[in-house]
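Protein chains: 2
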Amino acid sequence: MSTPSLQPSLALLADLYELSMAAGYFRHGLADREAVFHLTFRRHPFGGDFTVAAGLAPAVEWLQSLRFLPEDLAYLEGLGRFDREFLDHLADLSIRLDVDAVPEGERVSPNTPILRVRGPLLQAQIIETGLLNLVNFQTLIATKAARVVEAAGDGAVLEFGLRRAQGVDGGLAASRAAYLGGCAATSNVLAGKLYGIPVSGTMAHSWVMAFPEEERAFEAWAEVAEQNTLFLVDTYDTLEGVRTAVRVGRRLREAGRELSGVRLDSGDLVALSRETRQLLDEAGFAEAKVVASGDLDEYEIARLRASGARIDLWGVGTRLVTASDDPSLSGVYKLGALRDEDGEWKAREKVSDDPEKKSQGGILQVRRYEDGDGFRDQVYDERDGAPEGGRDLLEPVLRRGELVAPLPTLEQARTRATRPTKS
Amino acid sequence: MSTPSLQPSLALLADLYELSMAAGYFRHGLADREAVFHLTFRRHPFGGDFTVAAGLAPAVEWLQSLRFLPEDLAYLEGLGRFDREFLDHLADLSIRLDVDAVPEGERVSPNTPILRVRGPLLQAQIIETGLLNLVNFQTLIATKAARVVEAAGDGAVLEFGLRRAQGVDGGLAASRAAYLGGCAATSNVLAGKLYGIPVSGTMAHSWVMAFPEEERAFEAWAEVAEQNTLFLVDTYDTLEGVRTAVRVGRRLREAGRELSGVRLDSGDLVALSRETRQLLDEAGFAEAKVVASGDLDEYEIARLRASGARIDLWGVGTRLVTASDDPSLSGVYKLGALRDEDGEWKAREKVSDDPEKKSQGGILQVRRYEDGDGFRDQVYDERDGAPEGGRDLLEPVLRRGELVAPLPTLEQARTRATRPTKS
Numbered sequence: 001m002s003t004p005s006l007q008p009s010l011a012l013l014a015d016l017y018e019l020s021m022a023a024g025y026f027r028h029g030l031a032d033r034e035a036v037f038h039l040t041f042r043r044h045p046f047g048g049d050f051t052v053a054a055g056l057a058p059a060v061e062w063l064q065s066l067r068f069l070p071e072d073l074a075y076l077e078g079l080g081r082f083d084r085e086f087l088d089h090l091a092d093l094s095i096r097l098d099v100d101a102v103p104e105g106e107r108v109s110p111n112t113p114i115l116r117v118r119g120p121l122l123q124a125q126i127i128e129t130g131l132l133n134l135v136n137f138q139t140l141i142a143t144k145a146a147r148v149v150e151a152a153g154d155g156a157v158l159e160f161g162l163r164r165a166q167g168v169d170g171g172l173a174a175s176r177a178a179y180l181g182g183c184a185a186t187s188n189v190l191a192g193k194l195y196g197i198p199v200s201g202t203m204a205h206s207w208v209m210a211f212p213e214e215e216r217a218f219e220a221w222a223e224v225a226e227q228n229t230l231f232l233v234d235t236y237d238t239l240e241g242v243r244t245a246v247r248v249g250r251r252l253r254e255a256g257r258e259l260s261g262v263r264l265d266s267g268d269l270v271a272l273s274r275e276t277r278q279l280l281d282e283a284g285f286a287e288a289k290v291v292a293s294g295d296l297d298e299y300e301i302a303r304l305r306a307s308g309a310r311i312d313l314w315g316v317g318t319r320l321v322t323a324s325d326d327p328s329l330s331g332v333y334k335l336g337a338l339r340d341e342d343g344e345w346k347a348r349e350k351v352s353d354d355p356e357k358k359s360q361g362g363i364l365q366v367r368r369y370e371d372g373d374g375f376r377d378q379v380y381d382e383r384d385g386a387p388e389g390g391r392d393l394l395e396p397v398l399r400r401g402e403l404v405a406p407l408p409t410l411e412q413a414r415t416r417a418t419r420p421t422k423s
Numbered sequence: 001m002s003t004p005s006l007q008p009s010l011a012l013l014a015d016l017y018e019l020s021m022a023a024g025y026f027r028h029g030l031a032d033r034e035a036v037f038h039l040t041f042r043r044h045p046f047g048g049d050f051t052v053a054a055g056l057a058p059a060v061e062w063l064q065s066l067r068f069l070p071e072d073l074a075y076l077e078g079l080g081r082f083d084r085e086f087l088d089h090l091a092d093l094s095i096r097l098d099v100d101a102v103p104e105g106e107r108v109s110p111n112t113p114i115l116r117v118r119g120p121l122l123q124a125q126i127i128e129t130g131l132l133n134l135v136n137f138q139t140l141i142a143t144k145a146a147r148v149v150e151a152a153g154d155g156a157v158l159e160f161g162l163r164r165a166q167g168v169d170g171g172l173a174a175s176r177a178a179y180l181g182g183c184a185a186t187s188n189v190l191a192g193k194l195y196g197i198p199v200s201g202t203m204a205h206s207w208v209m210a211f212p213e214e215e216r217a218f219e220a221w222a223e224v225a226e227q228n229t230l231f232l233v234d235t236y237d238t239l240e241g242v243r244t245a246v247r248v249g250r251r252l253r254e255a256g257r258e259l260s261g262v263r264l265d266s267g268d269l270v271a272l273s274r275e276t277r278q279l280l281d282e283a284g285f286a287e288a289k290v291v292a293s294g295d296l297d298e299y300e301i302a303r304l305r306a307s308g309a310r311i312d313l314w315g316v317g318t319r320l321v322t323a324s325d326d327p328s329l330s331g332v333y334k335l336g337a338l339r340d341e342d343g344e345w346k347a348r349e350k351v352s353d354d355p356e357k358k359s360q361g362g363i364l365q366v367r368r369y370e371d372g373d374g375f376r377d378q379v380y381d382e383r384d385g386a387p388e389g390g391r392d393l394l395e396p397v398l399r400r401g402e403l404v405a406p407l408p409t410l411e412q413a414r415t416r417a418t419r420p421t422k423s
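Taken in order, these protein sequences are the chains called A and B. For the first sequence, counting from 1, position 252 maps to 252 in my numbering; every step adds exactly one. For the second sequence, counting from 1, position 303 maps to 303 in my numbering; every step adds exactly one.
Warning: the hint list may mix true and false statements.
Since copy identity is lost for identical chains, a pair holds within one copy or between any two.
[Said to hold, decoys possible] In silico EDC-like cross-links for lysine to aspartate or glutamate, where the CA-CA straight-line distance does not exceed 20 Å:
id : residue 1 : residue 2
1  : 346       : 98
2  : 346       : 77
3  : 289       : 106
4  : 346       : 215
5  : 346       : 265
6  : 346       : 402
7  : 346       : 395
8  : 289       : 98
9  : 289       : 395
Since the hints were made in silico from the structure, they are not lab data. Just so you know, these numbers come straight off a predicted model, no measurement behind them.
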């Protein structure tokens, strides 16, 4: 068995039926028939009123690197479902699609394309699952992060979720999207390395427990940590821990250094943060920060703030990176139009008794009308010509598989996501 | 930016504070002090009464391959938090820990160690986050899968979750754990290749929409799909779709082939499955299967079965792979004992006002007492000697980083997970 995250190829990041359909299109001469697919989502997550688009850069990177390696083809051949000619076609395949999409960090509307794929039917089909996986999850977490950051007001939000994230990449992708959505830093070192996200963190209870006494543990930390003198105070008794931090802080000050702050990780955070703030202020450490962590999300942060908690920094983990109250985005990828044998475009629509499961056909573009207070999106079929005013939301990203222009950086996407709200 | 899943090294799969603490232990001469950590979880997920352990094999593979590569060290150096001597120590590090653990597929109890690490404090500390990530998520999903499979009774459960999974590995790891927990197959081709899991799937709505008429789409599928003549019937009108499938099925039968079945993906699955079954039976297709999919989980499957739905196979996606009603396992990793300067073991316990957040100190083992009806687990400190009767649940896995014996295969773990319940 090999570790998923060490795999050199992700061409097989697909549901089997994508490849079965691809084989069918190939056999019926439809592989190169030009098609248009739209990626939409059905409703704002978390019962909220906005969604922050994310995942485009990883999706583009995946598309551009997509190759069926000999080991992939050998595996597919072993399934006994695919003939040689089709497998040879896959062996030569590289993605030559046109992609138009909303930039990462943009707020987007339900049932409105956020990404459009145009090109050979076979290619547009086999990328369905991977594309949805990458865009659905990052969009979900960027949106969750934006909600948490909004709830925290002026207090920075640090993402601490890796240990209970949904798999290795459930953590990595979440750290990227959480930063994009407005978090200030992550505890995840690999995400820091891969994405250039600021990393932060202090100590665990095990550090405090590794020393005979809490005070010795804090001192030992201060001897090593230089500026990062932020002490975890709830291993034994929280307020005693704060008093211990104050004693160590006084000695630091005598040595020309400063106490960064304390972290509370359990208990009644309203009462404890107020008492902690008072202890720190009375001891002359008005600049020392109070960091809180432990089962936080936007609702709990809002409740704590409304209840008078005195917290400067928020460490948010599990509930952010798993989007625990609504852990999936309802993204779908539907065929919108297909050329017929004569080269004429035919719109394609899925019918359903459930209005949520209908899809709109055509070659769709989104016209955004902004005013001071927000925006309104109108979906139109490009074949009918553009409506008056506004601007098109889907921007050219790939043409025949090649980048039209460099994508915005993660920092640029984050800036877009965190600019003053219009909704 | 590079794709996480293409990374060659996962040594940085850690919260920053693990490395900060490691640097501190190193500086204070504690790096090689012998320590014991226990991985426990606080409560059964999903409000249930059992938990299926999973994730050990991926965790062991990660531990054995853990190396700090030059690029990792360059990144850490660039953070300006770590000195040269410590980074050199990491450069030479390979994991030489003892690990004892519950085999994958075993049912386990809250607040009872399921994995124990013993060895140098620095090594045991830096693996905390990665170990929790791998074990928490796989255990969560194996447990969810076992619940879904139990609800489905004699009907096989197919895992279809990749498109809305939490990242690439949120999908891959979930497919592995879902199979371990009792699912019959996955749609995830990469998981099939990596883990040897059976793969399954038919067609999407886009296939049906790519042809001028549904009947032509089914025929075209049958021309390509050999045995896999299972038609998705809800693109336009579900019962019309079933009638179309019957017509195509009759022609298949004339050609000496058989209709595999139909898939329902929307609408009132109770009414539709009953009418579908009747249409199939009346047409002489009593062997054709009815497959259902769409927002299923153990509760919905139980409701459908109790309401008289006639469904043979269950395609379960998002709610399984995201464990949507409880999307994280409450696993923690706590220091249990540490040798002092004189080589004496000292138990270490975290105190907390919250009884859930207390940890038990010692060098812990679990004694399991089984009878015909179930089991009872008793935690004991190995230094106090073993209790009478029963058997030890934590088995030797690694000694100084080397496997004591090959781990059970995924199939063996699945067999263990799906044997008749004792709880």
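- Message: Check the structure against each numbered hint from earlier and tell me which ones fail, lowest number first.
- Response: 2, 3, 5, 6, 7, 8, 9
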